[in-house]
Every structure is written in structure tokens, then in C-alpha cells.
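K.L.:
Spelled out from the first residue to the last, the chains are:
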Amino acid sequence: MVHGEAWTIKEFFTYPNEYIYWTIQIVMYPFMTGLVAGAFVLSSLYHVFGVKQLKEIARFSLVFSFALLPVAMLPLMMHLQQPLRGIEVMLTPHFTSAIAAFGIVFSTYGMIVASELWFVFRKHFVETALALKSIEGRNALQQGQYLLFSVLTLGAWDISHEALEADERAVKKLAAAGIPVACFLHGYAGFIFGSVKANALWMTPLMPVIFICSAVVSGIALCILTYILTMEIRKQLSRRRRLAHPELPSMEELKSAEAHVVAMTSRYLLMFMVAAITLELLDLIFRGYTAVKSWDILRSVIYERDFVNIFVVQYGLGNLVPFVLFLIPGLTIRRAMVGTVLVLLGVFMMRWNVVIGGQAFSSSFSGFMHYVLPLWPDNMETLKEGLVGALIVAGVPFCLFYLLNKVMPVFKETH
Amino acid sequence: MISRRSFCKKSLLIAGGLAIPLSCLELFDPKRLLAEKDQKGPRWVFLVDTRKCVGCGFCVKGCKVENEVPYDANVTRTWVERYVVTTDGKTHIDSPKGARDGFPNKGIDIGHGKLEEIKDEDIDKAFFVPKLCNQCDNPPCVQVCPVGATYQTADGVVLVDRKWCIGCGYCIMGCPYGVRFFHPVFHVAEKCNFCYHRITKGMQTACVDSCAFGARRVGNLRDPDDPVTRIIMTERVNVLKEEYGTKPQVFYLGLSKEVK
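Chains as they are written, first to last, in this note's numbering: chain H, 1 to 415; chain S, 1 to 260.
Just chain S, same shape as in the assembly (with noise of 0.2 Å):
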């Protein structure tokens, strides 16, 4: 008869030599090597010129029904903000309801349903400034997912598994852009993912389609010829936060320091 000491001596080297073998797999993944070899497809940039953006709010209203973010929740995956500077050198910014229907008052709002107003002739400057996902190359929200249910696809977008994600919002602590949020519908993580099923399929995002400006434009950085990365290569260009190590995606034609 086996003895309990040699029981669990046996059961510890079976379980031991099972997980060597295991553990190649995971080592040398096809999957991930053959994707690491093809450096062929698209890696999706997006390009906005805020100084074209009129603060219409008519992508953030596209970005919503596109996307089926419910209309009226106060949440969103893009949004335009306001941005008046005065001559006391104050920054008053604001994005009533992330700019869904544009910016309907003159005052800014400050919380509470409470408007600021600001006389014209105390403005220095004022502009729009739309954000969405940058789809980081280091995006910390794919790093802190605790079960890998936010993913980077090879193409640069970062994508949420609705049917994956446990709700615990880490990754929407970890953003330092502030993109994320729980939706209402589906109580799991969400973001902008620059309408993967669109542009996928060669079509332009929702909310590059309803920008009437040009203010937005979306394009693939490993194309030299492409009009967004031509920009992209010859232009003044910036990023938003870059002190956070992101290396954030998302390029800006004419943002001010006062940018947050």
C-alpha cells in the first residue's frame, strides 16, 4: 500500500512535471510569434486639429448612437471641452455633458448645475479641445487588468471583452486620461475603440464621419503615404500627458499649454 508520505511525494513530482512541459507553451506561443514576425498591418493613429473644432458636439452624438452608449447617460467614449482663458491668467474649462449637444451657454459650467459667467471682454482665448482613447503603445489599463480582459490588438487599439471583463475598475483608475467608465447597460468596462468594426473594414469612425470640420481624422502610421501620418511625420505635433510613459497615440495640431 502506498504511504501518505510517498502519496504526496508522487503527486508533487507528477503535478512538477506536468506544468515544464505546460509552461513551453505559454514560452513559445505560434500565435504570438507569428505576430510578432508580421509587422505588415495598420497601426491606427488619429490626428485632431482643435484649431478647426467648433465645439458643435456632433461627434460625440454620432460616437453615441454608433456605439450604443445610452444617449442620455452621462457618460461617453469621446467628448469636446472648453477651454476660456481670462486676462487674470485663470483657465476656466468645461464639458457639459461631454459636449453631446454642444456647448448650449454662454457660462461655464461649474458642478452643482451652476453656470460661471464670463464677460467677452475679459477673454484672452478660447478654444475646443475633443479627446477620445489614445490607444496608448503602453496603455496602463491593459497592464492592470487583472484577468486580461482589456486587450491591445496588433493594429494598436485597445479593446474591452465585454464577456471577460469581472467589473473590479482598475483599468479605469489606472487611465490618466479619464476615457473609461462602467457602462450602464452592460456594468462592464468601456472606452473608445476608434469604431474597430469600422475602420476594419475601411471605413472612417463614427465621429470623423459626423465632423463637418475636419477636425478629426483617423489613419495608419505604418503607411508613409497615408494624409494623417504625413502630418503626423512633417507637422508640429503633440500629444496629451506624455510625463505618464503612455506614449499616447492620439496626435493634436495647435494644443495650448493650458491642455489638461
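Chain H extracted, bound-state conformation (with noise of 0.2 Å):
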């Protein structure tokens, strides 16, 4: 069978090649850069611009971005014909094309990200090294923590008040640093479609601008989301800590400082759903005004045929009823995690009538394609391009994260 047929049905005239190539990987592939690159803008609101409200989910949405950061290329191997052959993205890069850019992008982002995570938590590897160092005889799980959190350490063992400033400063000057390359690593994945010169609903040059907006939104959605379940899990456990430990912050404590972290974060994420929700509609309203030659079966799809799917999941479930849920006065952690929830899905939405939306119609402008997502796969290529591949990538980032937070403990006070 070719690639493609699987899951597309045609309908009308399409070209004999004509096949849905861009599967739901592709949906993911934006879905999760976006994601790394809001999470990231988030911390530097705190690190950069001294939000000072933001200081505990700043550092926890830092080791999330790195969590995140290698499961941005997960979709992208998936969805190779040739998953061996990725490499030579980085070894080989044609540079006139958008895609070539992507090793060299990532891993400038991956390397300010790893650095700003090591200044943040230098602290916390030199002193945990320092006590597993003290402890005498130790057995092999602790002599091998010893030696991760030595070599952690890179050998900077100076903790003293001067060092550390100056890791503080280190860490602003790679937040600031990070913010356009974050903005690149996903303006750049705009770019990808945005250039597409064949694709009617995919070229415009807002396309970049959109996806950069819409990436911070989901970024600090998923952030607030992430932070308020964990925040759950430790009230419980903290529950059951206390009668061991009274000197632990109490459950009122922590539900207190979870809600002031929660109503600060949503106001920064109605600030940029504001922006992308503009910039999608004025984005809309041009192509129906200047009505171009592809106009016709544009509409035909964005009015027609992905009516639900744009109007009602997206624009409706996704960015209109998150938006007053956030708006409504008194914002409940329950309420925050609903909204939370729903814009997610609408920028996940977004990607997809984005990425299938473009693929809907032919470039004959004479015929449609229906995308069919594979739900269960019955082949390699089903299990990657449908909905139990799109289900790894996006359980990935928080196995990473669980592992992450071991070495990293976003919670615990650092410097």
C-alpha cells in the first residue's frame, strides 16, 4: 500500500498522488515546540523580568521545557520514512530549506536550557554531593548518586555568596538569551508551513507570528496544569508528612500559595491568548476579504467541512469558554484546571486544522481529502502515524520529567 492510503479518503478531483502525507506526527511536532518554547518564556518572565510572583513556577516550568525539549523531535523521527537517515538533517544541511535550520536552532536552545538548569541548580548538586561525600561506607545506590552529582558539578565546587551571584547573574543573561532563540526554535516551525508556497491555507506570513503566540499560550497552560497536579500530589503527601514532621508547611500553606501562583500565571496566559486569538482572526478575515483564487475551496473547507473542528472545538471550547472561565472573578484551582484543559485543547486543535486543515483540499482546488486517524494500529505505520504514536509522544515529557525532577528538584528552595 503507498504511504498515505491508509488513512486518507478522497473525494472529487484530486491529483493521482495526492495523499493526506502529514500525518497527526505533524500535529505533534508544533504541538510539543510550542509547548517547550512557552514553558520557557515563562521562566524568563521571572528570571529576566524579575516577575517575582512567578519564583516557584519559574524554576519548575524550566526543568519541564527541558523535559519537553527532546520530545519535540520525537514526532519528527516518527514521521521519517527514513528514521535512520534523521541525522543527516545535521550532518548534511541544505540550507534553503526551513527544515535545515532545525539541528542547528535545537540544539542552541537544548545548550542554553542545559546551561541556565545547570546555574539554577549548581547549589543543590554541590551540596548534595558534598553530604553523600560525608556519609561513610556507602552502599552502591549512594556511591552511585555520588559520582552523577560530582560529575554534575563540573567540578565547580564554590558555593560561597560571590559564586553564587554570579551564577545568578548567569542565569539572567541565558534567560534573556533564551527568549528569542525560544521564539526562533518555534517561529521557525511557523516558517516550516508558513513558506509552503503550494499550500493556499498554509502560506502567509503571519503564520510564524501565530504559532509563536499560540506556543506561549499552551506553554503556560500546560505549566499551570503540570504545577496545580503536582501541587495536588504533595498536599496529599504532605498530609500524611506532618505527623511526622509538624515543621512542614501545612496543607493551608501550600493551598494558599498554589492558588496566588495559579491566578498570576493565568493573567500572563489571557495576555498572549489575547494576541494569537487576534492574529488567527485577522488572518481569516484577509483571505475572505482580498478573496483570492484559492478562496473558493478554502472557504468550503474552513466553513463547511472543518466547521466543528475551527468554530465550535477551537475558536469555541478552546480559546472562548477558557477565556471567561479566566475572566469570571474569585478563579478556583478547579476552574483553572478546567480552563487550563480546554485551552490546550484548543491549541492542539489549532495545529491540526492547521496542519489537516491544509491537507483537506487538493491543490487542484478541485477536490477534497478526508484525514481518518488510525486508532488502532494494525501495522508499523499506523502505530506511528495515528493515535497510539501521537499518545507516546505526549506520555514522553513527563516519564523525562519524573526522572528530571530526581536530580532537579523543582520544589526544593535553591539559592
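Some hints here could point you the wrong way.
Stated by the list, open to error - Using C-beta positions, here's what the derived DEER-type ranges look like:
id, chain 1, residue 1, chain 2, residue 2, range
1, S, Val54, H, Ile87, 46 to 52 Å
2, S, Gly202, H, Ile87, 38 to 44 Å
3, H, Met1, S, Phe213, 32 to 38 Å
4, S, Phe213, H, Thr278, 53 to 59 Å
5, H, Phe286, S, Lys119, 41 to 47 Å
As the list claims (entries may be wrong) - Pairs of lysine-lysine, PhoX-like flavour, derived with a Cα cap of 25 Å:
id, chain 1, residue 1, chain 2, residue 2
6, S, Lys125, H, Lys293
7, S, Lys52, S, Lys97
8, S, Lys257, H, Lys293
9, S, Lys9, H, Lys173
10, S, Lys257, S, Lys247
11, S, Lys114, S, Lys90
12, H, Lys293, S, Lys247
13, S, Lys90, S, Lys257
14, S, Lys52, S, Lys125
15, H, Lys197, S, Lys241
16, S, Lys10, H, Lys173
17, H, Lys406, H, Lys123
18, H, Lys293, S, Lys260
19, S, Lys260, H, Lys197
20, H, Lys197, S, Lys247
21, S, Lys97, S, Lys114
22, S, Lys257, S, Lys119
23, S, Lys119, S, Lys260
24, S, Lys9, H, Lys172
25, H, Lys197, S, Lys257
26, S, Lys241, H, Lys293
27, S, Lys90, H, Lys293
Hints in this document: simulated from the structure, not taken from any laboratory.
Since the model is a prediction, treat every value here as computed from it, not as a measurement.
Positions of the beta carbon are idealized from the N, C-alpha and C atoms, including for glycine.
Both chains are sitting in their own frames, so use the hints and assemble them into the complex.
P.N.:
Following this line, the structure appears as C-alpha cells:
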């Protein structure tokens, strides 16, 4: 069977070779990079602009951004027909292609986040390593941990006040440098689509900007959501632990801290959401107003075939409902949770409507293609480019975050 | 002993110092300089006379066999489209299996295995249009390939390196003509290359050889005496989707405004 035939239904006239070649993994790719960039921008709000209220979530989102980073690459690898040759993008980049910049932007960004994390957690590494060193007769696990943390210090054992202040200055600089790189990382994902002149729906110079705005929205939303979930787990744990250690923060303290962080962060979420929606609507209005050759087929895709996906799920459920939820005074944790889940759904549907919607019509403008998401895999292809593949991609960052949190505890007070 | 700071500084200096002479190799690529100087080779172009095409599909058959595109796979390097314009002003288009078996049904294939029957008296005009890669002068597929696996030769033909293609599908997305697809066996991008293995040896393409009506012809635009070149230069020819700025090099005689 030809690649793409398994999930494409054609209607009216399409060119014989046209299929939905870019499937759910290519929806996941900008969605995941968006989360990376958004989480990083959120952490930078504290580190660069000194928004003190975001202190706690800043460290959290930085580690989470790092956990998401390798996953931004995963959907691409799963999508490639020759995944073993994926490394060629780094080895022989062909710079007239937008994708060729991937290796450079991605590794630059990865290095910035990694070094920023190192400066933030250096004190923790040194302290842990020293504490482990002082233990007489370490067992195998402790010895392993000691080695890991000693290596992580990279030989910089100085945690005097001056050294830590120098660390903070470095964090600030790296975070400042990271913002444009994060925006570039994601803006260029938008450029990959926006520069395809053969696709009438994708081709717009607004695409990178729209992608950046919705990326920040989704990144903040995911950080709030994951933050709430981890705080809930912490609350349950602290209830048990406080019986033994009464000096730990009480339930009420945790609760009020949580509510405060969520309320503050959701304000930034709203700001970026307004920007994202404004640009998306501008694009839509402009297309309708200029009504170039492709508008006839675009209109029937946007207003008829994909109406539910675009206007009901994306704009209605994903934008309008959470907007109202966040604006009603007295934001509760439960409402914030519902709101952030809906925002994430909205951004995911925006990616879906761009990637799949852009292939919903033939470039002959005379026919349509419908994407049937393979739910249950019956071969390798439908496994990789179906629901199961997408769920794998969505699940991996949480596993990575769990592991990273063991080494870089996001909730422990650092300097 | 060398300090960490000076080690970092010196490594950067060495890396930077090495990068400059290496970049000169790219700036003054002797092969490229020679290629740019030498304009004597051919520039392959194609001429399709739509008025001669009867939609038999022999060209598609010939191409599939010659170029090892699996016969029953629903992809093809070249295909024929049927246009039926009815009295109500509507255009009905189809190309069942790329017209590999011609057009066995009178009804128009509208997908889902359904046919739309059109009465003879409702037809204003009807014609066939063969399609193949346009070997553009400004090929978007070459531009977007992230690893340079697809490239244009000096004689204008766009080729794919099957050993280097990563199968991302960006070139397929970038082509406005829909000529590219994934090869079902090699799992890399695949396209018409004017039977490069044949034309470079002085032969005709497989589709030209299998066309009994002379609707397809391949020629060299740099040779003023080539009959194809003479037609392109002296007659009213047209190209497909000029608005994309791709500068297509497949020229059509008798192209109608309905053709997509």
C-alpha cells in the first residue's frame, strides 16, 4: 500500500499522487515545540523581567521545558520514512530549506536551557554531592548518586555567596538570550508551514507569529496544569508527612501559595491568548476579504467541512470558554484546571486545523481529502502515525520530568 | 598547566581558525565554477499537445514499467486527466488510477468508488491533459529539501538521491503540481525525471515512446534546430500554474482555462 493511502479518503478530483502525507505526528511536532518554547518564556518572565510572583513556577517550567525538549524531536523521527537517516539534517543541512535550520536552532536552544538549569541547580548539586561524600561506607546506590552529582558539578565546587551571585547573573543572561532563541525555535516551525507556497492555507507571513503566540499560550497552560497536579500530589503527601515532621508547610499554606501562583500565571496566559486570537482572526478576515483564487476551496474547507473543528472546538471550546472561565472573578483551582485543559485542547486543535486542514483540499482546488485517524494500529505505519504514536509522544515528557525531578528537585528551595 | 578559561579560549580560536579556510572551499567550489561557465549542455524540456491526446493511458503504463513504480500502486510519475465541461458551466475532472488503463468508464470518477454519469447532450467540450514533472527552472522541491537529497542537474532535470532522502515529505508538500509521492518499495520521495537514464543516452522517454499519437515530445531548449524548441519558440504554448513562480518547463499546446 502507498504511504498515506491507509488514512486518506479522497472526494471529487485530486491529483493521483495526493494523499495526507503529514499526519498526526506533524500536528504533535509544533504542539510539542510550542510547549517547550512557552514553558521557557514563562520561566524567563521571572529570571529576566523579575516577575517575583512567578518565582516558584519559573523553576518548575524551566525543568519541564527541558523534559519536553527531546520530545519535540520524537514526532519528527516517527514521521520520517527513513528515521535512521534523520541525523543527515544535522550532518548535511541544505540551508535553503527551513527544516535544515532545525539542528542548529534545536541544539542552540538545548544548550541554553541545559546551561541555565546547571546554574540554577549548581548549589543543589554541590550540596548533595558533599552530603553524600560525608557518608562513611556508602552503599552502591549512594556511591552511584555521589558519582552522578560530582559529575554534574563539573568541578565547580565553590558555593560561596559571591559565586552564587555570579550564577544568578549568568542565569539572567542565559534566560534573556533564551527568549529570542525559544521564539525562533517555534517561529521557524511556523515558517516551515508559512513558506510552502504550494499550500494555499499555510502560505501566510503571519504563520510564524501566530505559532509563537499560541505556543506561549499552550506552554503557560501546560505549566499551570502540571503545577496544579503536582501541588495536589504534594498536598496529599504532606498530610501524611506532617504527622512525623510538624515543621513542614501546612495544607493551608500550600493551598494559598498554589492559588496565588495560579492566579498570577493565568493573567499572562490571558494576555498571550488575546494576541494569538487577534492574529488568527486577522488572517481569516484577510483571506476572506482579498478572496484570491484559492478562497473558494478554502471557504468550503473552513466554513463547511472543518466548521466543527475550527469554530466549535478550537475557537469555542478552546478559546472562548476558557477566556470566560479565567475572567470570572475569584479564580478557583478547579476552574483554572478546566480552563487550562480547554486551552491546551484549543491550541492542539489549532495545530490540527492548520496541518490536517491544509491538506484537506487538493492543490487542483477541485477536490477534497479527509484524514481518518488510525485509532488501533494494525501495522508499523498506523502505529507510528496514529493515535497510539501520538499518545506515546504526549506521555514521554512526563516520564522524563519525573526522572529529571529526581536530579533537579523543582520544589526544593535553592538560592 | 593550562587553565580551563584559556583552554576554552584556545579551542574556540582553533575552531574559528579552521572554519575560515574550510568555508573558502564552499565559496570557490571549482566544480560549480566550471558548471556555471559551461552552458553548452542541453536543457531538457517537454512538449504536450493536448489536442492529440486520446486518453489511452499507454504513457502511464509505459512509465510504470520502465521506472519500476509498482503497477498496482495508486501512485504514478505521469498521469492523464480527463476534463468534461458541461452546459451548466461546471467542469468535471477525473483520472482513475492515473489513467493507467485509460478511461474504462464513461462516468466521472468522484471518489469513494462512485461515478457521476453525464449525458452526451449536456457536454460542451471534453479533452485530455497528460501531466508529468515540470522540471521547473525554480524548483520549490529542491529548495525545501532539508538534506539536499533532491537536486537539479545542469541540464535542468530534478533528480532524487534514493540513498540520501530521509523521507520527510517536505518536497511533496512543496510541489504545486502534485507530481511527487513516496515510492512504495524504497520509501523515499519519487518523481518523474524525464527518464533521465534514457534521454542522456540519446533515447526518448518511455512515455514519448509509448504514445501512438505524438501528443508527448521531449526536446532540448538550447538547440535552436530541435523541432520541439522550434514549436515552443514560434507557436502559442502555455505552462501550468505560472503564478507560483516555479518557471515550469513542460509546455502545452491547446491548453484550456479549465485545466488545474
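K.L.:
Decide, hint by hint, whether the structure agrees.
P.N.:
So, going through the hints one by one against the coordinates:
Checked against the given bound of 46 to 52 Å, the beta carbons of Val54 of chain S and Ile87 of chain H, roughly 49 Å apart, stay inside it. A C-beta distance of roughly 40 Å is found between Gly202 of chain S and Ile87 of chain H, which places it inside the suggested range of 38 to 44 Å. Between Met1 of chain H and Phe213 of chain S the beta carbons are some 33 Å apart, a value that agrees with the proposed interval 32 to 38 Å. At roughly 57 Å, the beta-carbon separation of Phe213 of chain S and Thr278 of chain H lies within the given 53 to 59 Å, and the hint holds.
The supplied range of 41 to 47 Å is met by Phe286 of chain H and Lys119 of chain S, whose beta-carbon atoms lie about 42 Å from each other. Between Lys125 of chain S and Lys293 of chain H the alpha-carbon distance is near 23 Å, which keeps this suggested pair within the 25 Å criterion. Note on Lys52 of chain S and Lys97 of chain S: the hinted pairing holds, with a Cα-Cα distance of about 21 Å set against a maximum of 25 Å. Restraint check: the Cα-Cα separation between Lys257 of chain S and Lys293 of chain H comes to about 13 Å, which is no more than 25 Å; the hinted pair holds.
Distance hint between Lys9 of chain S and Lys173 of chain H is fulfilled; the C-alpha atoms sit about 20 Å from each other, no more than 25 Å. Of the supplied pair hints, the one linking Lys257 of chain S and Lys247 of chain S holds, its CA atoms being roughly 18 Å apart against a limit of 25 Å. Simply put, Lys114 of chain S and Lys90 of chain S have alpha-carbon atoms about 18 Å apart, close enough for the 25 Å limit, and the pair holds. Between Lys293 of chain H and Lys247 of chain S the alpha-carbon distance is near 19 Å, which keeps this suggested pair within the 25 Å criterion.
A C-alpha spacing of about 13 Å is found between Lys90 of chain S and Lys257 of chain S, which places the hinted pair at or below 25 Å, so the restraint holds. A threshold of 25 Å between alpha carbons decides the hint, and for Lys52 of chain S with Lys125 of chain S the separation of about 15 Å falls inside it, so the pair holds. As the CA atoms of Lys197 of chain H and Lys241 of chain S are separated by approximately 12 Å, the hinted pair is consistent with the 25 Å bound. Using a Cα cut-off of 25 Å, the hinted pair Lys10 of chain S and Lys173 of chain H holds, with the two alpha carbons roughly 23 Å apart.
Using a Cα cut-off of 25 Å, the hinted pair Lys406 of chain H and Lys123 of chain H holds, with the two alpha carbons roughly 15 Å apart. A threshold of 25 Å between alpha carbons decides the hint, and for Lys293 of chain H with Lys260 of chain S the separation of about 12 Å falls inside it, so the pair holds. This hinted pair checks out: Lys260 of chain S and Lys197 of chain H have alpha carbons roughly 16 Å apart, not beyond 25 Å. Taking the CA atoms of Lys197 of chain H and Lys247 of chain S, the gap is near 14 Å; set against the 25 Å cutoff, the hint holds.
Only pairs whose Cα atoms come within 25 Å are accepted, and Lys97 of chain S paired with Lys114 of chain S is accepted, the gap being roughly 14 Å. Taking the CA atoms of Lys257 of chain S and Lys119 of chain S, the gap is about 23 Å. The hint holds against a cut of 25 Å. Proposed proximity of Lys119 of chain S and Lys260 of chain S is supported: the alpha carbons are some 23 Å apart, at most 25 Å. Our distance criterion of 25 Å between C-alpha atoms is met by Lys9 of chain S and Lys172 of chain H, whose separation comes to about 23 Å.
At most 25 Å may separate the alpha-carbon atoms for a hinted pair to count; Lys197 of chain H and Lys257 of chain S meet this at roughly 21 Å. Restraint check for Lys241 of chain S and Lys293 of chain H: satisfied, since their Cα atoms lie roughly 12 Å apart, inside the 25 Å limit. Only pairs whose Cα atoms come within 25 Å are accepted, and Lys90 of chain S paired with Lys293 of chain H is accepted, the gap being roughly 17 Å.
Hint compliance for this structure: no hint is broken.
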